[in-house]
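With the hints as your guide, set chain R onto chain X.
For the protein sequence lines, the chains are X and R, in the order given.
Positions 11 to 324 (the working numbering) are the ones given, in order, by the first sequence.
Positions 3 to 182 (the working numbering) are the ones given, in order, by the second sequence.
A couple of the hints might just be wrong.
Quick partial rundown of chain X residues pointing at chain R, CB under 7 Å, derived from the structure [to be verified]:
1) ALA103
2) ASN105
3) GLY117
4) LEU124
5) TRP128
6) ARG225
7) VAL248
8) ASP256
9) ALA278
10) SER300
11) PHE302
12) LYS306
13) GLY309
Here are the simulated distance ranges between beta carbons [claimed, not checked]:
14) X:LYS318 with R:GLU51: 38 to 46 Å
15) R:GLY143 with X:ARG313: 40 to 48 Å
16) R:ALA72 with X:ARG135: 34 to 42 Å
17) R:LYS64 with X:LYS282: 28 to 36 Å
18) X:GLN304 with R:SER155: 27 to 35 Å
Now the stretches of chain X that chain R is said to cover, found in silico as 3 or more residues with beta-carbon under 8 Å [said to hold, decoys possible]:
19) 228-239
20) 258-271
Bear in mind the hints are in silico, worked out from the structure with no lab data behind them.
Since this is a predicted model, take the numbers as computed values, not measurements.
All C-beta atoms, glycine included, are put in the ideal place defined by N, C-alpha and C.
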Amino acid sequence: MNRWLTGLLVFCLVGGATAARGGDLQEYLQGILGKLAPASGTRAAASPARPGTARDQLVEKLRTRLPASLQKVEQELRGVSREQEIAIGRQIAGNLLGAAPLVDDPGLQRYVNLVGRWVAEQTERADLPWHFGVLESPAVNAFAVPGGYIFITRGLYALLADEGELAGVLAHEIGHVLRRHHLKILRQGRLLDMGQDLLAKQIATSGKIQQLIGRGAEIVARSLDRKAEFDADQIAVVLAARAGYDPFSLPAVLQQIGHFAADDDRVALLFKTHPPPDARLEELDGRMGSRFDQVKGSGKTNRLYRLKPAARPR
Amino acid sequence: MKRFAIHWFVAALFMVSALAGTGTAEEGTAAAPPDARGQAVKPEAIRAEPFTDAREVGTLAKGDPVEIQARDGGWLRITSRAGNGWVRMLGIRRGEAGKARFTAEGVLGLASGRAGTGTVVATTGIRGLNEEDLQGARFAGVQVELLESYGVSRAEAREFAGQASLQARSVPYLPGERAR
Numbered sequence: 011m012n013r014w015l016t017g018l019l020v021f022c023l024v025g026g027a028t029a030a031r032g033g034d035l036q037e038y039l040q041g042i043l044g045k046l047a048p049a050s051g052t053r054a055a056a057s058p059a060r061p062g063t064a065r066d067q068l069v070e071k072l073r074t075r076l077p078a079s080l081q082k083v084e085q086e087l088r089g090v091s092r093e094q095e096i097a098i099g100r101q102i103a104g105n106l107l108g109a110a111p112l113v114d115d116p117g118l119q120r121y122v123n124l125v126g127r128w129v130a131e132q133t134e135r136a137d138l139p140w141h142f143g144v145l146e147s148p149a150v151n152a153f154a155v156p157g158g159y160i161f162i163t164r165g166l167y168a169l170l171a172d173e174g175e176l177a178g179v180l181a182h183e184i185g186h187v188l189r190r191h192h193l194k195i196l197r198q199g200r201l202l203d204m205g206q207d208l209l210a211k212q213i214a215t216s217g218k219i220q221q222l223i224g225r226g227a228e229i230v231a232r233s234l235d236r237k238a239e240f241d242a243d244q245i246a247v248v249l250a251a252r253a254g255y256d257p258f259s260l261p262a263v264l265q266q267i268g269h270f271a272a273d274d275d276r277v278a279l280l281f282k283t284h285p286p287p288d289a290r291l292e293e294l295d296g297r298m299g300s301r302f303d304q305v306k307g308s309g310k311t312n313r314l315y316r317l318k319p320a321a322r323p324r
Numbered sequence: 003m004k005r006f007a008i009h010w011f012v013a014a015l016f017m018v019s020a021l022a023g024t025g026t027a028e029e030g031t032a033a034a035p036p037d038a039r040g041q042a043v044k045p046e047a048i049r050a051e052p053f054t055d056a057r058e059v060g061t062l063a064k065g066d067p068v069e070i071q072a073r074d075g076g077w078l079r080i081t082s083r084a085g086n087g088w089v090r091m092l093g094i095r096r097g098e099a100g101k102a103r104f105t106a107e108g109v110l111g112l113a114s115g116r117a118g119t120g121t122v123v124a125t126t127g128i129r130g131l132n133e134e135d136l137q138g139a140r141f142a143g144v145q146v147e148l149l150e151s152y153g154v155s156r157a158e159a160r161e162f163a164g165q166a167s168l169q170a171r172s173v174p175y176l177p178g179e180r181a182r
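Okay, chain X solo, but in the shape it has when bound (with noise of 0.2 Å):
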C-alpha cells in the first residue's frame, strides 16, 4: 500500500511539474522526476483511480496545488531579496568565523577593506555592504559568502606579493558574490529538502536560515562548478584592472599556488574546491586573448600591510 502511494504521489509530481509554467525548476525536477515516471505512471495507470473516492481527491488536491507552490519556490528562490541575501550571508559568515577567528590585528583588518572596497567599488554591487577579514589560519585559501561578505586566510595572506595581488585574491571571491553562485546551489542542492514554508515565508530567524545553509559553513567547502570558478578568474583580471591594478595579479598568485604540493594540508581544501591552478591559468589565457598585453597595474602598489606573526601558533 505504502508503495502504491509513493507511486501515486511520483506520478502526481511529474504531473504537477509538467503543468506549472516554464523555468528552471519544472526542468530540474522533470530531469529527475522523469527518470522515476514510467514504472509509476504504468502502475497508476493499471489502476485508474475511480471517482470520488478518497484517493482520487488526494490526486486532485496535489493536481491543482503542487505547480503553485512549485512556482512561489522557485520565485523565492530566484528572487531572494537583497536583504535576505545580506541575512543568510551573515549567517554563513558567522559560521565560518566559528571555525576560523579573524586575526587580531585591526591594522590589517582594516587595511584589507580598504583595498576590497575599493574593488567592489568598480562592480555593479558597490551598493552592497562589503566585509573583508583574515583568517587565522595556516590553511591557503578564500572564501565568499552571499551579500558581500569576503575571506582570506592568513597562510594566503602570507604568499601575496604586493596589493595588486591582494586585490586579485579578493576580485575572484567578489566576482562569486556578484554573480551569486553560492546561492544556486542553496537553490540546485538544497530545494528539494527544504521545507515548502521556509521560503514562501520570509527568511527571517537564524534557526529557519541555519536550515538552509546546511550544517555550520559546509557550504563554502563546497565545490562550485569548474564554469563558476573560471568566471570568477575572468571577473577578476578585470575587476583589478579596473581598480588601477595590473591585471595579472590573480594569474601571479595561481603560478604562486601551483608550487603547493598536492598532498599538502594547508591546500587540502583549496584543491579539493577549485580545477588545478594550471587548468585556470590555461582558461584565463584563451579568454583573456591579448586584451590586457599593454595594460599595466598604476599607482603604489608596494604598501601591502606584512602580517604580524601568529600571536599563539596554532
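Using the frame of chain X, we list chain R on its own:
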C-alpha cells in the same frame, strides 16, 4: 633611483643570508631558484620588449625550458636557448621542466611572506581549514560584529585609492562568460 638600488642590494644580501642559513640553496646563489624556472606551454614569440608589436628575437617551442628574470604586467623577461627577451606570461608555466608539478622547495616560513624567491615550503601535518572544521562550526556572533566594525565606507575606499594614485579605469567584462 639610487635609494631604490640600495634597497635591492640590501634585499639581495638578506636573501643570500637566508638561503645560506637554512641550507636549502642546492648549488649556491648562481643557480636560479626553482621558482624562476619554467617552460613554454605553447609556441611563443620572444620579443625585445614587453609589447605585442615589439621586435621578435626568437621563438620558444612547446616544452622549451626558460629561466624567468622578471615580470612586467603580462610579460616575463626570460633567458633561454632559443633567445633572451620578453614572452607572454600565460604562455609559461612556472616550475622545473621534468619535475612533477606542485613540487615545492623553498626557504623560510609563512609569517615573513614570500621570502623573496617566491618559493613555498612544503609542509604536511599543519592542519588546514578542512571540511569537518567547517561543518562543525558554530556561529561566532562576537567575531561577526568585530568583522563588521572594520567595514569602510565607499568614500574612505576612494580616498585610500587616491593616496596610492590608483585610478579607476573603464574595462568591460570579457565575452567568454556566458549569461545564464
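Verification of the hints:
no.: 1; hint: ALA103; verdict: holds (6 Å)
no.: 2; hint: ASN105; verdict: holds (5 Å)
no.: 3; hint: GLY117; verdict: violated (10 Å)
no.: 4; hint: LEU124; verdict: holds (4 Å)
no.: 5; hint: TRP128; verdict: holds (4 Å)
no.: 6; hint: ARG225; verdict: holds (5 Å)
no.: 7; hint: VAL248; verdict: holds (5 Å)
no.: 8; hint: ASP256; verdict: holds (6 Å)
no.: 9; hint: ALA278; verdict: holds (5 Å)
no.: 10; hint: SER300; verdict: holds (6 Å)
no.: 11; hint: PHE302; verdict: holds (6 Å)
no.: 12; hint: LYS306; verdict: holds (4 Å)
no.: 13; hint: GLY309; verdict: holds (4 Å)
no.: 14; hint: X:LYS318 with R:GLU51: 38 to 46 Å; verdict: holds (40 Å)
no.: 15; hint: R:GLY143 with X:ARG313: 40 to 48 Å; verdict: violated (33 Å)
no.: 16; hint: R:ALA72 with X:ARG135: 34 to 42 Å; verdict: holds (36 Å)
no.: 17; hint: R:LYS64 with X:LYS282: 28 to 36 Å; verdict: holds (30 Å)
no.: 18; hint: X:GLN304 with R:SER155: 27 to 35 Å; verdict: holds (34 Å)
no.: 19; hint: 228-239; verdict: holds (count 3)
no.: 20; hint: 258-271; verdict: holds (count 9)
The structure does not agree with the numbered hints 3 and 15 stated previously, though it agrees with the rest.
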